[in-house]
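Residue-level listing of the chains:
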Amino acid sequence: MTAYALAQTIVFYTATLAAVVLFILGLRYLSSPATARVGNRYAAVGMLLAIAASIWRIDAAGWWIILIGIAVGTVIGLFSALKVKMTAMPQMVALFNGAGGGAAACISTAEFFVLATAPPSLSPQLRLLTYVSLVVSAIIGAVSFSGSIIAFLKLQEWMTGRPVTYKGQQAVNALIGLSALVLALGIMARSGDVPWVWYVGMLAAALIFGVLFVLPIGGADMPVVISLLNSFTGVAVAITGFELDNQLLIVSGTLVGASGTLLTMMMGKAMNRPLTNVLFGAFGASGGMEVASASGAPQNIRSTSVDDVAVMLAYAHQVIVVPGYGMAVAQAQHSVRELADQLEKKGVSVKYAIHPVAGRMPGHMNVLLAEANVPYNQLYDMDDINPEFGRTDVALIIGANDVTNPAARNVPSSPIYGMPILDVDKAANVVVLKRSMRSGFAGIDNPLYEDPKTVMLFGDAKASVDGLVHAVKVL
Amino acid sequence: MTGLEFVSYLFDLLLVFALAIFVGFEVISKVPTTLHTPLMSATNAIHGVVLVGAIFIVAAIFNASLSSPLFIALALVAVTLGTINVVGGFAVTERMLQMFKKKDAVKK
Chain A
1 MTAYALAQTI VFYTATLAAV VLFILGLRYL SSPATARVGN RYAAVGMLLA
51 IAASIWRIDA AGWWIILIGI AVGTVIGLFS ALKVKMTAMP QMVALFNGAG
101 GGAAACISTA EFFVLATAPP SLSPQLRLLT YVSLVVSAII GAVSFSGSII
151 AFLKLQEWMT GRPVTYKGQQ AVNALIGLSA LVLALGIMAR SGDVPWVWYV
201 GMLAAALIFG VLFVLPIGGA DMPVVISLLN SFTGVAVAIT GFELDNQLLI
251 VSGTLVGASG TLLTMMMGKA MNRPLTNVLF GAFGASGGME VASASGAPQN
301 IRSTSVDDVA VMLAYAHQVI VVPGYGMAVA QAQHSVRELA DQLEKKGVSV
351 KYAIHPVAGR MPGHMNVLLA EANVPYNQLY DMDDINPEFG RTDVALIIGA
401 NDVTNPAARN VPSSPIYGMP ILDVDKAANV VVLKRSMRSG FAGIDNPLYE
451 DPKTVMLFGD AKASVDGLVH AVKVL
Chain B
1 MTGLEFVSYL FDLLLVFALA IFVGFEVISK VPTTLHTPLM SATNAIHGVV
51 LVGAIFIVAA IFNASLSSPL FIALALVAVT LGTINVVGGF AVTERMLQMF
101 KKKDAVKK
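Read top to bottom, the protein sequences are chains A and B.
Under our numbering, the first residue of the first sequence is numbered 1, with each subsequent residue one higher.
Under our numbering, the first residue of the second sequence is numbered 1, with each subsequent residue one higher.
Check each hint, because a few of them may be wrong.
Said to hold, decoys possible - Only pairs whose alpha carbons sit at most 25 Å apart, straight line, appear in this in silico SDA-like list of lysine to any residue:
| hint | chain 1 | residue 1 | chain 2 | residue 2 |
| --- | --- | --- | --- | --- |
| 1 | A | 85 | B | 98 |
| 2 | B | 30 | A | 38 |
| 3 | A | 426 | A | 306 |
| 4 | A | 269 | B | 7 |
| 5 | B | 30 | A | 37 |
| 6 | A | 453 | A | 406 |
| 7 | A | 85 | B | 95 |
| 8 | B | 30 | A | 33 |
| 9 | B | 30 | A | 406 |
| 10 | A | 473 | A | 331 |
| 11 | A | 426 | A | 377 |
| 12 | B | 30 | A | 346 |
| 13 | B | 30 | A | 179 |
| 14 | A | 269 | A | 389 |
| 15 | A | 345 | A | 474 |
| 16 | B | 30 | A | 426 |
| 17 | A | 346 | A | 301 |
| 18 | A | 346 | A | 334 |
| 19 | B | 30 | A | 473 |
| 20 | B | 30 | A | 169 |
| 21 | A | 167 | A | 179 |
| 22 | B | 30 | A | 345 |
As the list claims (entries may be wrong) - Quick look at which bits of chain A chain B covers, simulated, 3 or more residues with Cβ under 8 Å:
| hint | stretch |
| --- | --- |
| 23 | 14-27 |
| 24 | 93-100 |
| 25 | 104-114 |
As the list claims (entries may be wrong) - Label pairs and their computed distance ranges (CB to CB):
| hint | chain 1 | residue 1 | chain 2 | residue 2 | range |
| --- | --- | --- | --- | --- | --- |
| 26 | A | 170 | B | 32 | 34 to 40 Å |
| 27 | B | 5 | A | 17 | 21 to 27 Å |
| 28 | B | 69 | A | 5 | 43 to 49 Å |
| 29 | A | 85 | B | 2 | 34 to 40 Å |
| 30 | A | 269 | B | 9 | 47 to 53 Å |
Simulated from the structure, these hints should not be mistaken for laboratory data.
Where a beta carbon is used, it is the ideal one built from N, C-alpha and C, also for glycine.
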């Protein structure tokens, strides 16, 4: 071995080691608000080291492909990450995740055709390991790729966000999944000299399966699915590591797979919905479940005016703001803080109730309110704030729906029955800021709106809150 | 590689794999809800390390002198998608976390 090759190897493994350490430290630091930014940079530096060392390690073979790919990818990635509105973040994460899954599938596909066209001399065991891992990583990567794209389309509302269901759906899904599995087993069994049609068929089945598997999922379950797909991509990357004999991929992919799974379970737990329900129990869609909400459009709702609400708020002792996706869509977070400032000037105590899945992702509301400089100590988790509603004069609901739906507590036939909710109906008055009487993301009616304590203020959340700010000011 | 060497090779990788599972669970077991979204986004960026795999597959293709358009296209798409994952992932996480910085500044 020449000194140059030795240096290359040492640098590569050192960079791998450094990257792994930086990833783990980064994740650790990301677990606390004070150090989160440092954590993200640690991980980014680790990534940079790993990529640079890898390019040197291969002596920049095919450098122009790497150059073009990195240039194009950087432009697309940076542009979309910096341009995206904070409200559209969840679908952006889904899209980046899909890119990772797609990359894993492309790598495995390339590896398959390399093995088919120019078979290297491998021992039979190693050949089997390579085929097993390339097939598995291709399937998981493809599912993650197409699934993430559907998740993106749903969240972006380029297609219906509701669950898409039809008769025999699970049978069709099982059939497609099974055919991918059978082809995969066939490829593994031959481990070489595989007809390419088998591989392409398997890949196609996996891509279709990804689409079918996300289609019936909708409503408030979407964040859980994105998190799940994120951990899928992690697993695909880890298995790509087995395929390419690369420990960095194994460790990093596994880290993401494991932490992503944990995060997914945390989210499921926050909604009191086991993962199997999320995946197989289409939210508020399957026939009989609709009955609970089929009582027709609510009749007894009371609409109110900005001035009335302003008075109610200004003379309250305590107001709890319940933000939801409507606030995010309207970008009303700055106005909300302004309103809170005005109210506090008048001696009203203002708190924010953050449901774990308010918005489209856990922590979504926290990020938005932090952007508007809402003091951290005014934000309360569900468990901390629920006892407070009984002592509260006004619960001000800004574009939240399903997380306040009392049907989750007392209508066993409701699709969201059992999901922990914010007990807004315990407050003396409930004010709901809402665009229209359209039902929430889960697509079910909210009996809260017919509660005699509830008044509705229709309109864009930002316009309504701005109106309230003005009205409170002049009081 | 003999059968024996293969077993030791495979188990080295499996050992790393098993340990990484535990580290992955442990490292984020105590995370406030506030940080769920940035954390998901950061783990999303970290699996962008698949780009390293893409770089190695480019080398494998070139070292085997395979220059048909299929290989070039697959390699190019793999590198591009991997880069989008890395760059987009870290950038969007950084953006989310900027908002925490602002808040800290105000507090001080």
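TODO: Indicate whether the distance between the beta carbons of residue 85 of chain A and residue 2 of chain B respects the range 34 to 40 Å.
DONE: violated (58 Å)
Open item on the list: Next pair to validate is residue 426 of chain A with residue 306 of chain A; report whether the Cα-Cα distance is within 25 Å.
Closed with: This hinted pair holds, its Cα atoms lying about 23 Å apart.
- [ ] Could you say whether the range 21 to 27 Å given as a hint is met by the Cβ separation of residue 5 of chain B and residue 17 of chain A?
- [x] Once the Cβ atoms are compared, 23 Å apart, the range 21 to 27 Å for residue 17 of chain A and residue 5 of chain B holds.
TODO: Assess, step by step, whether the Cα of residue 30 of chain B is no farther than 25 Å from the Cα of residue 33 of chain A, and give holds or violated.
DONE: holds (12 Å)
TODO: Measure nothing beyond the straight line between the CA atoms of residue 30 of chain B and residue 179 of chain A; if it is 25 Å or shorter, mark the hint as holding.
DONE: It is violated: about 40 Å lies between the C-alpha atoms, which goes past 25 Å.
TODO: For the pair supplied as a hint, residue 30 of chain B and residue 37 of chain A, confirm whether the alpha-carbon distance does not exceed 25 Å.
DONE: Status holds; Cα separation ~17 Å.
TODO: Mind checking the alpha carbons of residue 426 of chain A and residue 377 of chain A for me, to see if they're no more than 25 Å apart?
DONE: holds (22 Å)
TODO: Would you check the hint for residue 167 of chain A and residue 179 of chain A, treating anything up to 25 Å between C-alpha atoms as holding?
DONE: Status holds; Cα separation ~20 Å.
Open item on the list: Tell me if the beta carbons of residue 269 of chain A and residue 9 of chain B are separated by a distance inside 47 to 53 Å.
Closed with: violated (39 Å)
TODO: Decide if the proposed pair is consistent with the structure: residue 30 of chain B and residue 406 of chain A, CA atoms, cutoff 25 Å inclusive.
DONE: Violated, at roughly 30 Å.
Open item on the list: Would the hint linking residue 269 of chain A and residue 389 of chain A be met if the CA-CA limit is 25 Å?
Closed with: Within the cut-off at roughly 23 Å; holds.
Open item on the list: So if I understand the rule, the pair passes when the alpha-carbon distance is 25 Å or less; does residue 30 of chain B with residue 169 of chain A pass?
Closed with: violated (38 Å)
In the structure shown, a violation is registered for the earlier hints numbered 4, 9, 12, 13, 16, 17, 19, 20, 22, 28, 29 and 30, in ascending order.
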